[in-house]
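J.: Listed below are the residues making up each chain.
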Amino acid sequence: MLNSKRLVLAHFWLAFVVFGLALLLGEWQMFVRSPLNPWISNSELYYRSVTAHGSAMGYVFPTLIAMGFGYAITELALKRPLIGRRWAWAGLALVAVGAVTAMIPVSLGLASILYTFYPPMIGNPFYYIGVVLVVVGSWIWVALMSINMATWKRDNPGKPVPLAMFANVAGAYLWAWTAVGAAIEVIVLILPVALGLKTTIDAGLSRVFFSWTLHAIVYFWLMPTYIAYYTIFPRAVGGRLYSDAMARIAFILFVVVAMPIGVHHLFADPQVGAGFKFIQSVFTAIVALPTLVTIFTICASAELAGRLRGGRGPFGWIAALPWDNPMMLAVTFSFVMLGFGGAGGLINMSYQLDASIHNTQWITGHFHLIFAGAIVIMYFAIAYDLWPHLTGRALNSVRLMRAQLWLWFVGMIVTTFPWHYVGILGMPRRMASYDYADPAIAPQALSVSISVFGGLLLVISGCLFFAVLIRGHRAPQMDPGEYRFSVAVHEPVRVPVALNGFALWLTLMIGLTVVNYGYPIAQLLALNGNAVPAVYVGAAR
Amino acid sequence: MSAERLFTFRNPWFAASVGVAGAMVMLSLIVGFVLLPYAATNSRLTGLWDAICSAAGVPRATVTSETAKPSFTMSNVVMNSQMFGPPDARSVGRGATLAMQCAICHGSNRTSQVDTPNLEGQPAAAVYKELRDFKVAARTNAIMSPFAVKLDEQDMLDLAAYYSYLPRRPGSHPDPAVTAPQIVARGAPMRNVPACSSCHGITDAKLGTPWLDGQSAIYIKAQLQAFATGARRNDISEQMRNIARQMTAAEIDEAAHFYASRP
Chain U
1 MLNSKRLVLA HFWLAFVVFG LALLLGEWQM FVRSPLNPWI SNSELYYRSV TAHGSAMGYV
61 FPTLIAMGFG YAITELALKR PLIGRRWAWA GLALVAVGAV TAMIPVSLGL ASILYTFYPP
121 MIGNPFYYIG VVLVVVGSWI WVALMSINMA TWKRDNPGKP VPLAMFANVA GAYLWAWTAV
181 GAAIEVIVLI LPVALGLKTT IDAGLSRVFF SWTLHAIVYF WLMPTYIAYY TIFPRAVGGR
241 LYSDAMARIA FILFVVVAMP IGVHHLFADP QVGAGFKFIQ SVFTAIVALP TLVTIFTICA
301 SAELAGRLRG GRGPFGWIAA LPWDNPMMLA VTFSFVMLGF GGAGGLINMS YQLDASIHNT
361 QWITGHFHLI FAGAIVIMYF AIAYDLWPHL TGRALNSVRL MRAQLWLWFV GMIVTTFPWH
421 YVGILGMPRR MASYDYADPA IAPQALSVSI SVFGGLLLVI SGCLFFAVLI RGHRAPQMDP
481 GEYRFSVAVH EPVRVPVALN GFALWLTLMI GLTVVNYGYP IAQLLALNGN AVPAVYVGAA
541 R
Chain E
1001 MSAERLFTFR NPWFAASVGV AGAMVMLSLI VGFVLLPYAA TNSRLTGLWD AICSAAGVPR
1061 ATVTSETAKP SFTMSNVVMN SQMFGPPDAR SVGRGATLAM QCAICHGSNR TSQVDTPNLE
1121 GQPAAAVYKE LRDFKVAART NAIMSPFAVK LDEQDMLDLA AYYSYLPRRP GSHPDPAVTA
1181 PQIVARGAPM RNVPACSSCH GITDAKLGTP WLDGQSAIYI KAQLQAFATG ARRNDISEQM
1241 RNIARQMTAA EIDEAAHFYA SRP
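Chains U and E, in that order, are what the protein sequence lines are.
Going left to right, the first sequence walks through residues 1 to 541 as my numbering numbers them.
Going left to right, the second sequence walks through residues 1001 to 1263 as my numbering numbers them.
Since the hints were made in silico from the structure, they are not lab data.
Careful, some of the hints might be misleading.
Simulated restraints, written as ranges between beta carbons of each label pair [what the hints assert, rightly or not]: (1) U:Arg494 with E:Val1034: 44 to 52 Å; (2) E:Gly1019 with U:Ile424: 38 to 46 Å; (3) E:Gly1121 with U:Arg471: 50 to 58 Å; (4) U:Ala403 with E:Gly1121: 51 to 59 Å; (5) U:Thr200 with E:Val1136: 38 to 46 Å; (6) E:Leu1006 with U:Val514: 53 to 61 Å; (7) E:Pro1086 with U:Thr151: 23 to 31 Å.
Glycine is no exception: its CB is placed at the ideal position from the N, C-alpha and C atoms.
Chain U extracted, bound-state conformation:
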C-alpha cells in the first residue's frame, strides 16, 4: 500500500537531479587538477565547484533519499497511510528552497568555503541559511517518522515494530542528534560573523562542533543502504533474513556509538586533548561492530537463498545465487567497496596510522569509496526496487541496469584506488592545481590521470541510471503487486521492549555524547582569546 507515491517520487527525483549535476562537477574537478589539464588559472572556480559538489552530495542528495525512502517505508511497512503528508510536502519544499538558497551564493563565488565550512573562512550568509533550511526540512521528516511509529505502536500494543520502520526511525533519530553539532556551529558561531555582527570566530570550537556532525552524518547516509541490505535484499534474491534480532541490534549500535566519535576527524587539531582523542578512537573501533554483524547476517541470508535455490556444498550456494538480479549485483559490489573502504577507515581511526594520511588525497579517496561507492550504489538499487511501485510501470531494462551497476562499481574502483595511492605518496587534498612537472610529484601524474578516467565511467553510469528510470516512466502500465519486505527465518512474534523502541538507546547516545564531548566543548567555551579574525570569502579585493 503506497498512497504517497507522488511525495516519494518527488523526493527521489529531486535527489537524483541534484546528484546528476553534482556528478558532472565532480568529474570536472578530477579533470582540471589532473595532468591532463595545464593549469586552472582561477583556482577560485575550482573551490566554487567543490563547494557545490560537496554541499549537493553531502547535504541534499542523501537527505532527500533518506526522507523519500522513509516515507515509502512508513506506508509499506506499517501498512497504513502516512500521518502528516502535508508536513512532508512542507519539509520537501524547505529542502528545495534551502538548496537553491545555498547554491546561488556558491555559484556567484561568494561562498567557496567547501561543504565542511572551514571557519575562519566565512562565506555569504545565504549559503549557511540555505543549509540550515535543508536541515530544518529534514527535521520535519524526523518528527513525522517518530510520530508515525509512536501512533502505530499505540494502535498495536505489544507487537514488534516492523524491522524496516524500526531501522528507518533509528536513522531519523541518529540524524536528529548528529545534526545538532553543525546546527550549533552555523547558528551560534558562524552566522553572526557572516551577517557582520561579529568579526572574529573561535575556529577550534567550530571544528569540534562540526566533528560532532561530520562522522555520524556518514551513518545517516548509510542508513537507507543498510535498510536495503536487511529488508529488501533477502527477499529480492529469493531468501529470508537470517536474524531479525541481529538486525535490530546493528541499527541500535549505530544509534548509540556512531555519533560520539567525531573527534577522530580532529586527530591533527590542537584544541582537543589527547585523552579525548583516545577515548573517541576506542568508540570508533566499536562502530565497526554493527557493520561486521551486518556483513555476517547478510552473507548468511544470501547463503539461505543460495541453498533454497538448490546450491550444495561449502561454496555451491554462491554459484546458485541469482547473479543476473540487479539487487544481487548491487549488494555484492556494495560489500566489496564497503570492505576496502572499511579497511581504510580502520587506518584513519588509528591515531598513529592517521598521521601518515591525514589531509591527503587518501581521505578523499576513502569517503568516495564508502559514500559514493558502497552507499550510493544501493541508492540506485533501492530506486530500481521501488520504481515499479511508485510509477505503476515495470522497469524492464534489466541489462541496462546491470551495465549501470557494473560501470559504477568498476568506475568507483578505478577512481578511488589510485586516489588512495597518491594519498600515501603524500599528495595533499583541497588543492586546485599541482605541478606534475616537478620531479617530487611527477610519479603521481599517472595515478591521477587514471582516476579521471574512472570518473568518466561514473558519469556514463550516471547517464545509464537516468536512462533506466526514464524508460521506466515510459513503459506500459502494469500492476506491480503488493510490495513486500524480507521475512526473517524466525519471524518475530514479540520482541523485548528494548528492541522495540529507542528510549534506552537515545539515553545512552546522549550520555556518551556528554562524556566524550562535554569537557572539550566546555573547556573551549571557558577559555578566552581563542577567536581569530574571520576571512571573508568572495569579499572585495
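Once you've looked at the hints, dock chain E against the given chain U.
T.: Structure of chain E alone, referenced to chain U:
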C-alpha cells in the same frame, strides 16, 4: 502493552548495555588519561592529576625561558575584518584630501615613477599595512618615512579607503603575449616557494597583500631584492623574506616582468 520495565537493572538489556558502555568508558578513561600519559617518554608529569589534566587538554604554560627579542622594529599591524567592509564615503573623502601630499610620487595623474608602486585600486588592507609599518619604522624609506610619521590611525585608514575606492589603473606596458612563468603559476615547491599568484593576484588574493598587476617591473624587482638581502623586513613571519631568498635572479626577473606586463 507489555509490562516489561526498561529502565531498571533487572532488565537484562538495560543492565548489559549500560554496563558494557560504562565499562568501555572507564577502561578508555584509565588507558587514555592515566596509562598513556605516563607511557610517553618525553612527558614531565608531576603526578596523577597532572597526567589527567594533560590528557584532557588543559592549557599549560610550556615555555618558561624568555623569547629572544629582535634587534629591529617588527611590523605590529593587526588587521581585523571590520577594516575591509565597503569604503565609507566620508573616509574616502578625507583620504582624497590627504592623498594630495602623496600625488607627487603615487600620482593620480597616471605618471607614477618606476620606483614607486601604483596605489589606485590597491586593497585597503595592503595600503594600511604599509603606512603603519612606515610609521613605526618597521619599513623605512628616506622619502616615505617622514610622511608616514605624521599620520594618525584614522588618516591611514582614510588613505587606504581612498586608494581602494579608486579604479585600478591599467598597466603601462600590457603585453598579452607574456604568459605566467613557472614561479608565478606554481612557485617552486622543492624550495618551499609558493606561487606568487596564490597571494598577489590571478589565482587568489590574501588579506594585506598588494595586487601586483600592472606594477612597475623595476619596483617589484627592487622589493624582492630588498626582501632577499633583509634590507626590508616588515613582512609578517618572514613570509616574503623566506620566499625571496629562495628565488633565483632569473625568477625574480620573470615574476617582475610578468606582473608589469599585465593589463
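J.: Determine for every hint whether it applies to the structure shown.
T.: Status of each hint after checking the structure:
1. Range check, Arg494 (chain U) to Val1034 (chain E): Cβ separation about 45 Å, and the 44 to 52 Å hint holds.
2. Gly1019 (chain E) and Ile424 (chain U) have their C-beta atoms about 41 Å apart, which keeps the hinted 38 to 46 Å range intact.
3. At roughly 56 Å, the beta carbons of Gly1121 (chain E) and Arg471 (chain U) sit within the given window of 50 to 58 Å.
4. The hinted window of 51 to 59 Å between Ala403 (chain U) and Gly1121 (chain E) holds, with their beta carbons roughly 56 Å apart.
5. Between Thr200 (chain U) and Val1136 (chain E) the CB atoms are about 24 Å apart, so this pair departs from the stated range of 38 to 46 Å.
6. Between Leu1006 (chain E) and Val514 (chain U) the CB atoms are about 20 Å apart, so this pair departs from the stated range of 53 to 61 Å.
7. A hinted range of 23 to 31 Å is violated for the C-beta pair Pro1086 (chain E) and Thr151 (chain U), which are about 54 Å apart.
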